[in-house]
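Okay, so the sequence shown: first residue is 197 according to our numbering, each after it adds one.
Hints may contain errors.
[Unchecked claim] List time: in silico EDC-like cross-link candidates among lysine to aspartate or glutamate, alpha-carbon distance up to 16 Å:
no.	residue 1	residue 2
1	Lys298	Glu335
2	Lys298	Glu252
3	Lys228	Glu207
4	Lys287	Glu201
5	Lys306	Asp225
6	Lys254	Glu294
7	Lys228	Glu208
8	Lys198	Glu256
9	Lys198	Glu284
10	Lys254	Glu333
11	Lys343	Glu333
No lab work stands behind these hints: they were computed from the structure.
This one's a predicted model, so the numbers in the text were calculated from it and none came from an experiment.
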Amino acid sequence: PKGTESVTIREEIKVELVDNHIVLTRLNDDRKSRSLHGLSRTLVANVIKGVKDGFEKKLEIQGVGYRASLQGSAINLQLGYSHPIVIEPPKGIQIAVEANTKITVSGSNKQLVGDVAALIRSKREPEVYKGKGIRYEGEYVRRKAGKGHLLQHKSASRKRKLSSMIEVSATHKKLVLKELPYAKCSG
């Protein structure tokens, strides 16, 4: 066993142990009881799975100079800030660090494991331009194009503007600048 866990079940749900199985039944059939029935069943199943196998969430750190290390049971994060971030896990949660960029949060309580993983991720969420930050393993971060893709477009439109401002007079064989709204031209 990974530890001991308990779950509180509302009074609308009856819990019985029948033939080595936990059976949950609802006392009436109204909407709230039906929704609590599914919730209670899932909570009991999560407690059983947590005590038997445990839960874990894996996180990845991406970014130059970003790294994690363990200091006893606490995790020390270097995430590009002027100071290190130290997170002490609550009782029942274990944190492991592999290769300075892979973090594993494990424990028997599914909610607590998820909360600690979310807390670690919140210290530097992945940003959309370069993808730097802490993300869940396998998480897809939608990337945005920066300003670089506009430079070619802007320079092309600038060339078109310039070419429309300059007229070549075929009869006089000389360059004539059109009047611009922001500059006085004489010719």
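Consistency of the hints with the structure:
A threshold of 16 Å between alpha carbons decides the hint, and for Lys298 with Glu335 the separation of about 13 Å falls inside it, so the pair holds. A threshold of 16 Å between alpha carbons decides the hint, and for Lys298 with Glu252 the separation of about 13 Å falls inside it, so the pair holds. This hinted pair checks out: Lys228 and Glu207 have alpha carbons roughly 12 Å apart, not beyond 16 Å. With a CA separation close to 12 Å, the supplied pair Lys287 and Glu201 stays within the 16 Å bound.
As the CA atoms of Lys306 and Asp225 are separated by approximately 29 Å, the hinted pair breaks the 16 Å bound. For a cut-off of 16 Å, the pair hint linking Lys254 to Glu294 stands: about 11 Å separates their Cα positions. A threshold of 16 Å between alpha carbons decides the hint, and for Lys228 with Glu208 the separation of about 9 Å falls inside it, so the pair holds. A hinted pair counts as satisfied when its Cα atoms are at most 16 Å apart, and Lys198 with Glu256 does not qualify at roughly 25 Å.
The hinted pair formed by Lys198 and Glu284 fails the criterion: a straight-line CA distance of about 20 Å is larger than 16 Å. Between the alpha carbons of Lys254 and Glu333 the distance comes to roughly 5 Å, so the proposed pair stays at or under 16 Å and holds. With a CA separation close to 29 Å, the supplied pair Lys343 and Glu333 exceeds the 16 Å bound.
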